[in-house]
Amino acid sequence: MLTATENELLTRVGRGTPMGEFLRRFWLPALLSDELPQADGDPIRTRTLGEDLVAFRDSNGNVGLVDAFCPHRRGPLFFGRNEECGLRCVYHGWKFDTTGQCVDMPSEPTASDFKDRLRVKAYPTREIGGMIWTYMGPPELQPERPPEMPFTLVPEAERRGLKFLVEANFLQCLEGELDTAHVSFLHQTFGEDGTGIQTLVRNDGYTNDRHPRLFALDTDYGFVYGGRRAQRAGNYYWRVTQFLMPFTALIPSASGYTGGATIWMPIDDNHCWRYLVGGTRTVDKWGSSEPLTAARRAILPTEPGTFRFPDGVEIDTRLGKFRRDNRYGMDRQKQRTLSFTGIPFIPTQDQAMTEGMGHICDRTEEHLGSSDVAIIHMRRMMLRMLDAFSRGVEPYAASHPSLYRVQPLDVESDNAELQAVLDEYREQALIPA
Amino acid sequence: MLTATENELLTRVGRGTPMGEFLRRFWLPALLSDELPQADGDPIRTRTLGEDLVAFRDSNGNVGLVDAFCPHRRGPLFFGRNEECGLRCVYHGWKFDTTGQCVDMPSEPTASDFKDRLRVKAYPTREIGGMIWTYMGPPELQPERPPEMPFTLVPEAERRGLKFLVEANFLQCLEGELDTAHVSFLHQTFGEDGTGIQTLVRNDGYTNDRHPRLFALDTDYGFVYGGRRAQRAGNYYWRVTQFLMPFTALIPSASGYTGGATIWMPIDDNHCWRYLVGGTRTVDKWGSSEPLTAARRAILPTEPGTFRFPDGVEIDTRLGKFRRDNRYGMDRQKQRTLSFTGIPFIPTQDQAMTEGMGHICDRTEEHLGSSDVAIIHMRRMMLRMLDAFSRGVEPYAASHPSLYRVQPLDVESDNAELQAVLDEYREQALIPA
Amino acid sequence: MLTATENELLTRVGRGTPMGEFLRRFWLPALLSDELPQADGDPIRTRTLGEDLVAFRDSNGNVGLVDAFCPHRRGPLFFGRNEECGLRCVYHGWKFDTTGQCVDMPSEPTASDFKDRLRVKAYPTREIGGMIWTYMGPPELQPERPPEMPFTLVPEAERRGLKFLVEANFLQCLEGELDTAHVSFLHQTFGEDGTGIQTLVRNDGYTNDRHPRLFALDTDYGFVYGGRRAQRAGNYYWRVTQFLMPFTALIPSASGYTGGATIWMPIDDNHCWRYLVGGTRTVDKWGSSEPLTAARRAILPTEPGTFRFPDGVEIDTRLGKFRRDNRYGMDRQKQRTLSFTGIPFIPTQDQAMTEGMGHICDRTEEHLGSSDVAIIHMRRMMLRMLDAFSRGVEPYAASHPSLYRVQPLDVESDNAELQAVLDEYREQALIPA
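Chains as they are written, first to last, in numbering that gives the first Met the number 0: chain A, 0 to 432; chain B, 0 to 432; chain C, 0 to 432.
Same shape as in the complex, but just chain A (with noise of 0.2 Å):
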């Protein structure tokens, strides 16, 4: 349970409130890069931490990413032409380059430097790992590169990206990827359902232990989290995941696939988007590799598409095929026969729950369990870095991107303490420079 006021500061991101100065110092993702596929292709319209930006790949291929609106008289930018290095406004012909100087105003005189001292407001832009990252903070504090993260280690060709936006805010999503108690209902499946995917159990023990004891350990770049399940052989089913600075989470095997990360990035206080990003080479919990299979590829559909925000701005999109319009897919026989929900795709799962929410959850009126040690671990964590962040302390992740480089854990022990499973999984567990 949180004070009202706890569940405004965690949840608003908008400029200017603690949570979205806090997120503002560090590398976001903005877009994936398939979303610009080409030099001087279609601008497309987004909004990010509140703020409405259009985005646009110019002839060199770098990406603008620059307000919504043209500085002379707020015309709107998404219908610019994307041409030679600029996107020109429509309205009077100025033309803005990615770093958002005005590189051409045919409506001045031609000995006016106006244009010169003009800017739209433009935020740089890196990209990694298939993604357009972002940075909207202090110029002064930007850091030197998005973080490290293992899916941007990932050669291009083996790597996968996929995103959709959740009409709900970004941290009971979060806590739903840091919740691993739901997997064993939410997610259960009694037969083939259709989706490709049969079932997330990887051993006895889910199916033997369906109340794990739940561990965090802090670290430098957020925490590690750990379920302990026992096994009838004795030993212990480990599921270690990592909880990555400001809202990312790397979930053991969530989807087999190599550096698998999901990141839930703000929209605005009431929409988030959710990257599904990682290797298409399947890695199972011992190490060995197999080709993925067009079944395991299958882990959602999504489409592209256009959002109208409930007040009236629009956006071009990633959307789930399934989603809250048609319920999600939710078929009343197929939940008494093939699977607990009834609802096709994990994700789409994830999504009716968060969304049933309401756009921000009334934190005030929940009832938290032993399972939601992660949940709690996660927000006074962000309590406390907000409060330091108030007095002036930097976050250290935002800074150190090499911190990123670390890896989830999907394995058997005969060890009954978090810190010594990460020992002796060490290896696997930090990726080396």
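I should point out that these hints are in silico values taken from the structure, not numbers from a laboratory.
Just so you know, nobody snuck in bad clues.
The list that follows gives simulated cross-link-like pairs (lysine to aspartate or glutamate, DMTMM-like), each with its CA atoms no further than 20 Å apart:
hint	chain 1	residue 1	chain 2	residue 2
1	C	Lys333	A	Asp41
2	B	Lys333	C	Glu83
3	C	Lys120	B	Glu364
4	C	Lys114	B	Asp208
5	B	Lys114	A	Glu364
6	C	Lys114	B	Glu364
7	A	Lys333	B	Asp41
8	A	Lys94	A	Asp115
9	C	Lys94	B	Glu364
10	A	Lys120	A	Asp66
11	A	Lys320	A	Asp330
12	C	Lys320	C	Glu302
Given the coordinates of chain A, work out where chains B and C should sit on it, guided by the hints.
Only chains B and C this time, still in chain A's reference frame:
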């Protein structure tokens, strides 16, 4: 005319408002029984007095009416599994019975007593008269049973009930119900308009005297209100309506059904349901009965559907087939030749009026005439009772269900006084216990 | 740039706001005449300066513009019966004439004088120039007649008028109208784009000189504003626009029609109509006329439809066929090859810009250049007049309709000063009484 303050007082139904708390002293209709047709069937989403709820019929046929959100982490219970005498949240498998008690908590250690101490908000239900009733007030004040309205006394085989959602506050709908004058206009037909209802006019009182004199008499359950119209024969045509606290009207021969009642149940401040319930056997005003024709049965086509409120929340309910979205089926050509409105079906004509006033009618701008006596009477009674309630006086009718054994009258009489007419037709107006 | 306070002052049009009261001193266009094509035809719903109204044409052809709600119990007058010189509410049959007087009240006793004392809010109307005008200010200040704009002087048989709804505040639309610079960009075409309009460029001034020098001169009715472009021949190409208080522009040869005017009538703070009115006979800038071709006539396809405001209220009006919902018909491929925007039709291109700014443009964030002289001039004039108005100075133009007998200019001249050009073309710019 009301002051803005009075208008607020009479129309706001949320928890903590004067009217909202007053209404919570009564058993209220939550659903038609056939909205939950079978044991262990699909749960449905609903909203009652502004509270979002989920309803389900358990294995024993009992109906649960519980908070829309699981008390654990606020997962949506609508997606829940309705199984073995309880609704199980699909997020973590927590299960609740119809009383709200948590009866299974598989994600927690078996030894924990957390489950026994945990409840979801649940309201008691009773099922009589083809309806599911609920009580949302303080448990210690819960009346013994729902009101014994005449339709609850009709044999089930001869009973009929329908409902549809109206996008307007309940009070303006209720006022339309108490407004005998509009029948001569809004519902007037000039010929067969294809809806199976030619006219409500039973005798020449309607056409001979369109300015009825109105009289009202307070009772323990609400009030009686009579419209007196002079007939050519020299005597009077009396239509006597029963107003049953807090929002039910028994209209004389409005439908020609036995025991017919119209109930205006608030969904929230801006929406309500119209329940049209009664027997399927017609009774003419002199007591003889005739079989119900198909034409008379079709008083309004409705259909199950999903309704999305402006705040984005959805419920599963019944909607009129002719409604705001299709302009109530209005046909301007038919308005010129066949009926006063060109809108099919009497309840749809009402709906066009009440929704057309806006969600909450601005009563500071109205100008009431002599035909609005019953409306004024009802408002004054409500304001008086709310005032008494604020000083601790509980509503008497709420805890005296047998008071509701009354009937409306649709009679001819030589008497010019309402009390005399009630005495004359006492046997018809009172249903013996 | 404006301060937030100034932006509010200039854009809010509701009753009681400074701009709202100021506008209510003028005769304003409420509808096109052909929106109410026949006597005793269907009433339509409309909204003017934020007030919800119903319009009807009575048996004598007079137009009533009355409150959307019956003064009795606030029944919606839209469903009313338009019959025998009055609109009859279908709820209780109360009937009102075009002056708002209640002329029949059949639900009340015949002896009552309630009817004679009751009025519905009604605004006076006049019909000239193919438009229905209304006056919404204090009756004692009502000007004699609507302004004598040139299109009102065109013979009816040669007149043409269209309108469509724009989802933006009137001020940013009006500013686009006064912005000669955007014509060279937004409306530029590279070839025949299928909309029947190849180019607005009449001479080489446009292409030779894209940085017009702008001049403005105040007048009693608003101001004159001229754009001077150097021509290769050594003289100047002058486009002179007439700004008529409070929101009309006469644009030179924008459409090639005689007497063309563009009027930006506020619907409410967030919406306005664009009226495009004028003669159907084209006039080239040296005075000779040619018949109107079908291609030139098709300046924008519009259609009648229902528009639902975000607050849920609906009106019956005209909409552009290409609009926000279908992304203004934008074709990115055509944008690369055929026109600057890839959007068909000039008014649609404007609409994409003004709606794309958001409902009310945030003028605290703009950066005006030398091409925005007329916009700055208009704002200053408006602020000055609002300031005077707040001190009791009534707008002079509102009560002097003959001031509006002026024309725009689209001429070549050796003169470098606007006043000299106006003197040179005096006969063309002023229409004799």
